Each structure stands twice: as structure tokens, then as C-alpha cells.
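Asks: Please work from the sequences and hints to get the whole structure.
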Amino acid sequence: MIPTELNERGLKAAMRLGVDEAIFVSTAGNEQMIRFANDSLSVAKKTEESVVSVYLAKAGRRIVGGSSNTDEEGLSAFVERLYKTMINLSKEPVYAGLPRDATKLKKAGTFDRRLGDAEKAVSEFASEAIEAARGAGARRSAGALEASLVSSYLLSSNGTEGQDTTSSILLNIRSFTERNASGHGLSCSSSLKGFRPAVAGRRAGEDSKRMLHSKKPDEGTYQVLMSPTVAANLISLIGSFASAFSVDSGTSYLVEKMGKRVGSDSFSLTDHGRIEGGLGGRVFDDEGTPTQSTKIIEDGVLVNYLHNLTTAKRFKAKSTGNAGWIEPDAWNLEVAPGDSGYSEMVKEMKRGIILTSNWYTRFTNYRTGEFSTVPRDGTFLVENGRITKPLSGLRMSDSLERIFSSVKLLSKEREWIQWWEVDTPTLCPWVLVDGVKITRAYGSAP
Amino acid sequence: MIRENVKELAQLSMREARRLGADYAEARVQSSIGSGFMLKNGEPQPSMMGDSFGIGIRVLCDGALAFSATNIMERTAVRSLTAKTVKMAKASQRLVKKKVRLDDSRSVRGSFSAAEKEKVEGGDASWLKSILLEMDKRIQKGKGAKIPNRILAAASGVDEKYYINSDGAETESRVPRINFFGILTAISGGEVAQRMVQQGETGGLEVVKRLDLISKVEEEARILRSVLEGATKLEAGKMDVILSPELSGIAAHESVGHPQEADRILGREGAQAGESYLKKSSLGYRIGSKEANVSDDPNLVHSNGYCPVDDEGVRATKRRLIVDGEITEFLQNRSTAAELGVRNNGSARSVDFNREPIIRMSNTFVEPGDHTREELIREVKHGIYLKSFTEWNIDDKRLNQRYVGLEAYRIKNGQLGPLVKAPVLEITTPALWGSVRARGKEVEFESATCGKGDPMQGIPVWTGGPDTLLGGVRIGTR
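Chains as they are written, first to last, in this note's numbering: chain A, 543 to 988; chain B, 0 to 477.
Derived by calculation from the structure, the hints in this document are not laboratory data. Everything numeric in this text was worked out from a predicted model, so none of it was measured. We put the CB at the ideal spot given by N, CA and C, even for glycine. Don't take each hint at face value.
[Unchecked claim] Label pairs and their in silico Cβ distance ranges:
1) B:R14 - A:V741: 41 to 49 Å
2) A:R681 - B:V300: 40 to 48 Å
3) B:E133 - A:K648: 44 to 52 Å
4) A:L754 - B:K278: 14 to 22 Å
5) A:D807 - B:V300: 34 to 42 Å
6) A:K892 - B:R342: 53 to 61 Å
7) A:L754 - B:T448: 35 to 43 Å
[To be verified] In silico SDA-like pairs for lysine to any residue, Cα to Cα no more than 20 Å straight-line:
8) A:K979 - B:K420
9) B:K278 - A:R681
10) A:K626 - B:P43
11) A:K979 - B:L132
12) A:K633 - B:L132
Replies: Okay, here's the thing in C-alpha cells:
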């Protein structure tokens with residue numbers, strides 16, 4: 543069944559059962575991926591899927607579900623199972639209900655149709671990235687290149703209809719000169735036009751060469767210059783912490799911080815349902831509310847949480863179009879640019895560390911925002927404004943509020959980031975932070 | 000179980016791929032059905048249900064591997080996707096510098112199921128809700144600091160698979176699971192402590208009783224209050240450390256299981272999950288003391304990582320990863336076993352129909368020793384007992400790891416003392432396993448979800464071990 547038909551049949555089945563409200567969101571898309579390692583293909587992948595998400599409500603009871611069992615029989619059975627389960631539940635204490643007025647939300651944002659069938663292009667781009675890395679000094683590279691075109695359709699019992707399509711092409715390449723010397727490159731774009739595989743490959747290759755003979759740093763506090771890739775990892779987490787669900791459940795350091803300073807004057811963060819060049823998002827959220835641009839942090843002050851209808855009712859606010867039926871979440875995050883250039887930022891550093899990539903960010907406590915993360919790939923010591931040597935074996939151990947309250951400079955240049963460590967697409971500059979705690983592991987390496 | 004007409008789609012795909020020139024073909028139909036329920040601060044959230052159903056196809060054409068998936072379960076759609084997959088493999092050959100080969104592992108034909116007394120399908124949202132409400136009530140009844148924020152979530156589900164490949168494997172399986180996840184936030188006098196709890200096993204509704212789930216979480220709440228109200232600062236320095244089963248298990252998983260995944264060692268996961276500090280030639284390398292013994296066993300009854308036959312149709316066997324301090328075995332699939340010329344131990348797993356099978360741990364644990372907990376404590380003059388942890392991470396080569404303690408006690412002259420606040424064990428892999436002096440008799444397991452692959456595959460595992468004594472390691476504080 544095509545997605546619109548899936549929604550219509552599902553909605554009819556739900557209304558026949560006697561629900562008060564129902565929403566069906568169907569997505570259909572093609573994804574193609576090339577994974578390579580040691581400069582050679584590991585696997586080529588393709589998925590052709592349609593998935594339907596269902597929301598039912600009756601007399602203050604709600605249930606949500608997702609199914610890829612989307613033939614007519616499978617869909618009916620799924621809706622019936624949802625209904626039977628729902629009517630045996632008790633009422634929820636906070637029940638917002640859908641708006642009475644129907645909306646038509648069919649204004650599609652920009653997308654690149656070519657990314658729905660990009661098998662040949664994906665393969666060529668992977669070669670281009672590998673060659674660029676080798677040209678820059680890498681001995682070998684591993685990576686993943688993924689192109690996708692996904693269309694989403696919404697139909698709700700109040701008559702609201704939505705339709706939108708997004709496309710993206712994402713390259714993640716890691717190059718090595720030796721086992722312990724690697725560099726990382728990303729290129730993320732919503733269209734083929736903005737995609738730069740050779741630039742990502744070259745960056746990975748260059749850093750893999752610069753990382754030869756790295757040393758462990760001394761523990762202590764340093765100025766840290768975070769690349770857009772590293773900063774986006776932390777900022778995408780701030781996006782999750784800004785969800786009113788996280789705040790209400792005490793799993794956010796932004797609890798009781800509304801209207802208060804949580805960052806430096808220069809730090810502003812906005813979520814966009816749709817933004818030109820953005821890698822994801824939709825013109826409607828899962829409740830059929832039009833998405834919008836929502837300032838989360840403005841000039842360092844927390845100004846908004848992200849809401850769906852239920853959290854908005856609880857917080858006496860308006861939905862920001864970020865549903866999630868249970869948890870609101872960010873669509874596309876944008877950090878406001880600064881006015882510095884990369885070289886200028888490096889020159890500002892007396893004793894600092896440049897981080898180009900990181901992973902494994904974990905929290906001691908979501909409520910306090912204390913965390914550590916592990917830098918990987920290009921990591922460099924800066925002394926008196928000059929890069930002096932490559933570093934490895936370190937860990938950044940600090941808190942999100944302290945870090946973003948100590949932002950010294952932001953770059954003019956920004957990049958879209960989305961990869962393994964950054965779920966929410968984030969448009970991010972380089973970020974220079976003062977006084978970051980750096981630790982290292984005890985013991986030797988083989 | 001998977002219906003016969005759907006099995007025919009898998010058979011059709013395999014035959015079609017071979018007819019179109021694939022050297023090897025496999026197809027896996029998977030159905031994953033589940034129910035979930037969540038309480039937030041005692042309030043019911045909308046209940047959740049999932050129903051995932053589709054087919055994953057994998058082919059090998061002259062050393063080029065291709066995987067595809069669809070949920071359109073019709074003959075024409077499956078036939079068409081199979082043709083596209085073979086074409087994609089052939090078209091990708093120009094990117095192949097090293098051909099993928101598969102070893103000649105013995106193919107399994109047959110079916111298996113995880114032990115299940117009360118069918119998991121009976122565990123609907125109402126049943127899950129009743130468990131969570133009782134749990135929440137008992138948490139709130141506890142004396143001491145308030146726990147105003149409570150996320151309590153439980154899920155019941157079952158994975159059913161039918162798998163066939165052109166080398167003769169044909170398997171069918173049913174693995175039900177019950178899982179729990181919670182975040183408790185205790186607040187007192189402006190201080191905050193938080194505990195994440197995860198529990199899970201394969202099995203039916205009986206799992207809740209077998210785990211004594213409600214009492215276990217109630218006890219976690221009691222401990223969290225004690226930590227918040229009673230833990231005192233520890234002076235950083237060199238000391239002996241006893242790792243509890245929770246700590247020895249996470250260390251076994253992170254710094255033994257992961258670096259001994261052969262696909263990492265061969266570079267296949269280099270772009271995301273990372274490589275390994277070990278090389279192809281590291282078998283026999285001494286990484287720890289004689290007391291360092293770590294295994295991974297997919298056949299443990301009730302285990303979260305239960306997987307007796309892997310997703311390449313190969314019998315999964317216990318892997319002795321470290322024996323008496325020496326690295327003895329890597330986790331293998333058919334392709335890494337072929338490349339390394341070793342026996343395949345059947346470690347390929349996939350979480351859903353639309354994910355390729357890759358090398359995964361199952362239940363990774365430190366093997367038991369011969370000490371009681373009291374004997375281990377008596378051996379410590381100056382140290383701590385690290386009972387549970389909060390923050391943890393490790394680098395992408397699995398050498399530099401960190402565990403921040405939540406429930407941790409001072410030990411002085413062989414006596415367990417008061418709680419200490421946020422001790423940090425930040426240590427290299429050789430230093431950790433090289434410092435193991437003794438192990439307890441009793442192995443306990445924790446459930447976890449292990450992330451790897453692109454697209455990401457979060458797979459259920461157990462981590463475990465006995466109390467494990469580390470001699471003279473550096474402990475810091477947060």
C-alpha cells in the first residue's frame with residue numbers, strides 16, 4: 543500500500559473501533575549505503591521500507607505504536623491490538639487532546655530527488671573520498687556513505703493532513719597512517735550540490751599524518767577548541783535536555799533554569815522544524831502541529847523548552863511543534879555563528895587542545911550535566927598560539943553548563959554535522975572554551 | 000512462528016539470487032513484536048507497541064557483499080529486491096580491493112527457542128503497568144531522601160526468525176525477552192544522585208519473579224538514598240579495589256569483548272565503532288595476570304544474549320577470550336574466520352530484519368575464582384569496594400577506560416567501611432587486567448544493550464563476573 547492509502551485505511555479502521563482520536567504517520571523511503579574499510583568495499587546496502595506510526599486515544603487513554611507489517615491484514619490486526627490494549631488502561635492524568643481545527647501541511651521543503659536512487663553516485667563518492675585521503679598521506683581509510691530520500695505523510699482524525707520529503711547524503715571517513723594515528727572527515731548535505739567527499743577525505747588523510755607519534759598530555763585544565771563535529775555531539779545532547787519530557791523527568795540539567803543563564807553571551811541555540819540546507823525535519827510534527835523555529839538558548843539565557851501538546855499543557859505553554867507523542871525532541875539544531883576565523887582562534891590559545899572528533903559521551907548525572915567524552919583522531923596541543931604536537935589517550939571530563947558558560951570564541955564558518963555520535967542534524971561552528979578539565983588513564987599501553 | 004508462505008519468500012529470494020549469479024545467498028525473515036509501558040514520576044505515559052516484520056537478503060558476488068531489506072512481503076517485491084541486490088553487489092565490485100570470503104562452517108538445520116514458562120505474549124501493557132505501579136509505590140515508601148523523579152519502563156517482546164542460506168543452513172527460532180529500564184533521581188539539601196538500572200533476560204512472564212525485579216529496584220532506591228546522604232569524599236591515590244560483578248562485567252565487556260571482535264581487529268568497524276589495540280597476531284599475547292580469565296558464552300539459559308545458533312546459521316560456542324592472562328580467542332563470523340584461518344565460533348547477530356549480521360558479544364563475563372567476598376575484603380589493607388557505576392566510557396581502540404563509582408565503600412585493614420563519593424577508576428586495559436589478584440566464587444550478571452554497526456544495532460547482552468580484586472591501582476575522584 544502507498545503511504546496515503548495506509549493512513550486512510552488505518553484511520554478508518556481506528557474510527558470504526560470507536561476511538562476519540564487517531565493519528566497515522568507513514569514514512570516511505572529508500573536508503574543506500576556503502577561501507578568500506580582498508581580502502582576496500584565491506585558491504586553495499588539498500589533498504590526499501592514503509593513504516594506506519596499510530597496514535598490512538600479514547601476517554602483520556604492513549605496508546606502509540608509503530609509497525610512495518612503494513613499489508614492490509616497486518617495493519618488492521620495491529621490497529622485492533624492497539625485498541626484492545628488501550629481500552630484496558632486507566633486514564634492519563636494529563637491529557638491534552640488534539641486541536642479541533644484541521645490543518646493542511648503539504649508545503650514540502652527542499653530536497654534532492656536524486657538521492658533516492660544514488661547507487662552509482664554513492665560508489666563514486668566513496669572512491670573519491672578514499673583517493674583524497676590517500677593523496678593527503680593516509681595509508682588506509684574506513685568509512686560509510688549513505689544517501690536517503692524519505693517521504694512522510696500524516697493524517698489525523700481532526701482532518702489534519704501533512705506531507706513532506708527530506709533527502710540527505712552523509713559521508714563519515716576515518717583514515718589511518720598507523721593503528722594509533724587517525725584522522726576524521728565528515729561531509730553532510732541535504733543535496734548532491736553541497737556534498738564534498740574529497741574535502742572530507744583530504745581532512746581525514748591530513749590529520750592521520752599529523753597524528754603520527756602522538757603523546758599523552760598532562761592532566762589539568764586547558765583551553766579546548768572543539769571542531770564542529772565535537773561541539774555538535776555536545777549540542778545535540780543539549781537539544782535532548784531541552785525536551786520538556788527530560789526536564790519533567792529530572793533527566794536534564796536544564797531543570798529550573800528557564801530564564802536563567804546557562805551559557806556565555808555569545809552562545810545561542812535554535813531548533814528548526816525545517817531549515818534551508820537542513821538534513822532532516824518536517825513541516826509537521828507527529829501530532830500534526832506545524833513545526834517552527836524555536837530559540838532554546840538566546841545570548842546564553844535559556845528561553846524555551848521543546849514541547850508537544852501534552853508537555854505544553856503540563857508546563858502551561860504552547861506546543862513548539864516538536865512531538866514525539868511521548869517525548870518532544872529537536873529536529874535541526876543551529877548554533878549562532880561567531881565572528882572568528884579558525885586560525886585566529888588557535889592564536890588565542892595559550893595552552894590548549896584542539897579536538898576534531900570524539901565519541902562515547904556518558905553522564906555521571908543527567909540532572910547535573912556532569913559527563914566525560916573520549917577524543918579520537920586529530921587531537922593537538924597548542925602552546926602560545928601554535929600547534930606543537932599530536933596528543934592521544936585523553937578524556938574531557940566536565941559539565942555541559944560549565945563548558946557552554948565558558949565559551950570564549952565561536953567561528954564564522956559553520957558545518958552541518960550528523961553521524962554516529964550526532965543524531966540530530968546540527969549546524970555548528972568551531973567553539974573555543976576556557977578551563978576544560980582533561981584527564982588520562984593510569985597505566986601503560988602495550 | 001513464521002508462516003510457511005513467508006518462509007517461501009526467503010527460499011525464493013535465495014534461489015533467485017543464485018540463479019542471477021550470486022556465489023552465495025541468504026535470506027532472513029524476522030518478526031519482532033513487543034509491548035512497553037512507562038511511568039514518569041508515578042504517572043502512566045501512553046503505552047507502546049511495536050510490530051516489525053520483513054526480510055533481509057545478503058549476497059556475495061565475486062567477493063563483493065551486498066545486503067538489502069524490505070517490509071513489502073510480496074513475491075514480486077522480494078524477487079525485484081533480490082535482483083537489485085545482486086546487481087548492487089556486481090556493480091560494487093570495482094570498490095573491492097580485498098574480496099570477502101566465507102569459511103566452510105558447518106551449517107545448522109533445525110530450530111531453537113529460549114526457555115519460556117509463561118508465554119511472553121501475555122505480558123501486555125496492563126500487566127507491565129501493574130508491575131511498575133507496585134515498584135513505584137515501594138520506591139516512594141522508602142525512608143530518607145526524596146526520589147521525586149522516577150522513570151520506570153518495562154517491555155515484553157519476542158523475536159521470531161526464519162533463516163536460510165545457499166550453503167545448506169536452515170533455522171527457525173523464537174526468543175522472548177522481558178526488559179526493564181529505570182532512572183531514579185534522589186535529591187536532598189541541594190545535592191542530587193542518580194542511578195540508571197537495567198534488567199533483562201530471555202524468557203516469558205516468569206522473568207519478573209525470577210529476577211525479583213520489584214525488590215531489586217526498591218533496593219536500588221534505598222542504596223541511592225544512602226549514597227546521597229552518607230557518601231564522603233575519598234582521598235585520591237593508589238589502593239586495592241574490589242570490582243563487584245557489575246564492575247567486573249562492564250570491564251570484561253568493554254576492554255576484553257570489544258577489542259577481541261575480529262571485525263574490529265581487521266578494520267571493518269574503523270569508521271564508527273572503532274578498531275582494536277590488538278592485531279591479527281595477538282593470539283597468545285599476555286594482557287593480564289594469571290587470575291585474568293574472561294569468556295563469552297551465548298548458550299547460558301535465560302541469558303539476555305542467548306543465541307545458540309548465530310545469524311549466519313552457525314552453531315555458537317563458548318569463547319574463552321582470556322585464559323590465565325593470555326588472549327586465546329577472538330569473536331568470529333564466517334568472513335573473519337576465513338580471513339584469519341581459524342575456527343568460527345558463531346558470533347554473527349542482527350537486531351532486526353533490516354540490519355546485516357555482524358560480530359557481537361552475547362554474555363561476556365569474568366570466570367569465577369575460589370574466594371568468598373569476605374575473604375577478598377580481608378585481603379585489602381587500604382582500598383575500596385566498587386559496587387555500582389554511573390558514567391563510563393572507553394576509547395575506540397579499547398585501551399583507556401573509565402568507570403565512575405556510585406555505590407562504593409572504603410575498606411580499611413580488611414574491614415568494609417562507609418560509603419565514599421564518586422571514586423574514579425581511569426585505567427588502561429593492560430593495567431586493569433594485569434592487576435587482577437583474586438576472584439570470587441559467585442558470578443552474577445547484569446543486562447545491557449551493546450551498540451555497534453552502521454546503521455546502529457543495539458543488541459541485548461549480559462555482562463558479568465564475580466567480585467574481582469585489583470591490587471594497587473590509582474583511584475581518582477570526580
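Asks: Does each hint fit the structure? Answer for all of them.
Replies: Verification of the hints:
1. B:R14 - A:V741: 41 to 49 Å: Check passed, 45 Å falls within 41 to 49 Å.
2. A:R681 - B:V300: 40 to 48 Å: Given a distance of about 46 Å, which is inside 40 to 48 Å, the answer is holds.
3. B:E133 - A:K648: 44 to 52 Å: 47 Å Cβ-Cβ, so the 44 to 52 Å window holds.
4. A:L754 - B:K278: 14 to 22 Å: Distance hint for A:L754, B:K278 holds at roughly 18 Å.
5. A:D807 - B:V300: 34 to 42 Å: For B:V300 against A:D807, whose Cβ atoms are near 60 Å apart, the range 34 to 42 Å is violated.
6. A:K892 - B:R342: 53 to 61 Å: holds (56 Å)
7. A:L754 - B:T448: 35 to 43 Å: holds (36 Å)
8. A:K979 - B:K420: Judged against 20 Å, a Cα distance of about 19 Å means the pair holds.
9. B:K278 - A:R681: Measuring from Cα to Cα gives roughly 17 Å; hence the hint holds.
10. A:K626 - B:P43: Holds, at about 17 Å.
11. A:K979 - B:L132: It is violated: about 41 Å lies between the C-alpha atoms, which goes past 20 Å.
12. A:K633 - B:L132: Distance of about 14 Å is within 20 Å: holds.
In summary, the numbered hints that this structure violates are 5, 11.
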